[in-house]
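So the sequence lines, in the order shown, correspond to chains A and B. For the first sequence, the working numbering begins at 1 and goes up steadily by one. For the second sequence, the working numbering begins at 287 and goes up steadily by one.
FYI, nobody ran anything at the bench for these hints, they're computed from the structure. The beta-carbon is built from N, C-alpha and C at its ideal position, and this holds for glycine as well. Certain hints may be false.
Stated by the list, open to error - One-sided excerpt, in silico: chain A residues whose CB lies under 7 Å from chain B:
#, residue
1, L80
2, L100
3, A104
4, I107
5, R140
6, D285
Unchecked claim - Which stretches of chain B does chain A cover? Using the computed rule of at least three CB atoms under 8 Å from a CB of chain A, they are:
#, stretch
7, 356 to 362
8, 380 to 388
9, 392 to 402
10, 405 to 418
Below are the chains, spelled out letter by letter.
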Amino acid sequence: MTTARTVLTIAALTLREASRRRVLLALAVLTVVLLALSGWGFSRLATESGGSALTSGEARLTASILLNLVMFGFSLIAALGTAFLAGPTLSGETESGIALAVLARPIRRSAFLLGKWLGLVVFGSGFVVLAGLTQCLVVRWTVDYWPPDLAGALALLAAQTTVLLTLAVLLSTAISPMASGVVAVGLFGTTWVAGVVGGLGESLGNDAVARVGTVSQMLLPTDGLWQGAMHAFQDPSVFVTFGGDDVAAFPFLSEAPLTASYLAWVAVWVAMVWGLAAASFLRKDL
Amino acid sequence: MTGSTAVGNAALREAAHLFAGVPPAPAVWCSGLRKRYGQRSAVSDVSLEVGRGEIVGLLGPNGAGKTTVIKMLLGLVHPDAGEVMLLGRPAADPAARARVGYLPELFRYQPWLSAAEVLALHVRLAAADISVGEQRDCLSLVGLAERAGDRVDGFSKGMQQRLGLAVALVARPELVVLDEPTSALDPLGRADVRDIVLAMRSRGVAVLLNSHLIGEVERVCDRVVILDSGGVAASGTLLELLGQRQVRLQLSDISPAAEARLAATGDVERAGDWFTVAVPADDDGTAVPDVVRDLVTMGARVHAVEPARISLEERLLGILRAGSATRSGEEL
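All chains should be built: construct the whole structure from the sequences, respecting the hints.
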């Protein structure tokens, strides 16, 4: 069997698994709840600003902050969903014996792993893109705000999900299904906190504290990509309204777009971690 | 030009003639397999062969390394040393497993798929051209035709094992590896598996069967390999393993000369008036009638003559006990 055919078969199988497991239902419920809540919140904002309590700049700032906040919620749901799907689908299958019959077929283990990864990437990215797009439509309908670079923002959210699930795949080749999910989500949260701390350091002019954020964004690029996504979601005028340097200190606004070199590093990071996962999975005795 | 073509054709014919005489490579061939897990040696120096269309049983106590050997043959466990060839190709190449079916000891199939979908997945992974009708026939063969559309998570263990057997058979294999195929089955299911294995032999499919049920192995296998403590303790055809045939005679009025005549045939064990005599391995069928004739001539009265044969179970226990006695002797 050609490697490409194996990869596509396994990717399709992983997508079918995701659609038939309860994880999809849980994701759908959480998404609908978040969409409904944010729809209500944004409509309240529209009512408040309608009475001229807010200037148009303030309204855009508030919409940007709230949109980033809700999007963070979605990226968290995507992180939880994919991390807890990656664990069972790989280490769960090798533990339970499902993988034995599959890997005894004339297929390469690397093709099997690539198929699983690809299926998860499509699932996770599909979720954030779909949920993010729906959210933006809700925002447009309620407060008439449209992000300046929606496609870029959604692509960065998808990249963030890809980074986290690649890490979850690596972890699941070495540790138990549940532990790999917990560790991946834990690291995701830690990097986000480190990013907030780094932002505070930057606004206070403390280089040592600012470096915490930079280093963590290099080690696990989820927060770096999240910062880029926020920048693409928010209105460019927020800097003027919010007041210059203070943007860095605020966790739901981002100061600068991502550089091409950072995006290149993310690509290298994903390739490297996937390579490690493949090396670990190839050596594994089932 | 015509001449060179003629020469080429002749060479081809000659090559074809030469290859026609060469038997196909064995279904399984492995040599010097070793595997350690940390300090513990799971498999040490196992070599075995399964010929085309042959049914070979793998026997041995728990922890003898049977499943590890099977997993090393299929590339699921990496051997520390040794070589494996499947159907004439090195097992390191995944293509070697194209015509191999496998039912693992720890069998579970995607619970979110239906039985028919599991088979379709395996047909696709094996890149085999098997029609939906043939896949359905495979499910009927293992008694799951009625449940083809049901999800696997609603299946009992026995039904999942039947599904596993269908998965192993679906892609028209030339070699089937069955690791404890009847562990979750009732007596009826075991009889079904036996029939399926025998049907495979008649189609020329080689089978490597690992089973705890010695009776099952004894009934279907052409050859048996006995593993103990990670090594091959014994191997051979059932006739070779069960060794010399024996004959039991009930005698009276037996003179010392008649006893000597019995002893000349083979080892004799006496219990009352019953004598158990080992028949020589190279016997051409004359040893028993000859000894009876001579005994009668010598005045002995022959009340009964019956064949005796030790069972595979007795032989297996004998080999394993001798092995453990040798090991404890070495440790002392």
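May I ask you to test the interface hint for A104 (chain A) with respect to chain B, counting a Cβ-Cβ separation under 7 Å as satisfied?
-> Holds, about 4 Å.
Mind taking a look at whether chain A covers the stretch 356 to 362 of chain B? Criterion is 3 or more residues with CB to CB distance under 8 Å.
-> n = 4 at 8 Å, threshold three: holds.
Three or more residues of the stretch 405 to 418 of chain B near chain A by CB distance under 8 Å?
-> Held - the stretch 405 to 418 of chain B has 6 residues with a Cβ nearer than 8 Å to chain A, which meets the minimum of three.
Status of the hint placing L100 (chain A) at chain B (closest C-beta pair under 7 Å) | holds, 4 Å
How about the stretch 380 to 388 of chain B: do at least three of its residues have a C-beta closer than 8 Å to a C-beta of chain A?
-> holds (count 7)
Does I107 (chain A) pass the interface check with chain B, least Cβ-Cβ distance below 7 Å?
-> This hint holds: I107 (chain A) lies near chain B, its Cβ roughly 6 Å from the closest one there, short of 7 Å.
Holds or violated: is the Cβ of D285 (chain A) closer than 7 Å to a Cβ in chain B?
-> OK, holds: D285 (chain A) within 7 Å of chain B, min 4 Å.
Verify the interface restraint on R140 (chain A): the C-beta must sit less than 7 Å from at least one C-beta of chain B.
-> violated, 37 Å
When the nearest CB of chain B is found for L80 (chain A), is that gap smaller than 7 Å?
-> violated, 20 Å
Take the stretch 392 to 402 of chain B, compare each residue's beta carbon with every beta carbon of chain A, and decide whether three or more fall closer than 8 Å.
-> Satisfied; 7 residues make the cut.
Hints 1, 5 from the list above are not met by this structure, while the remaining hints are.
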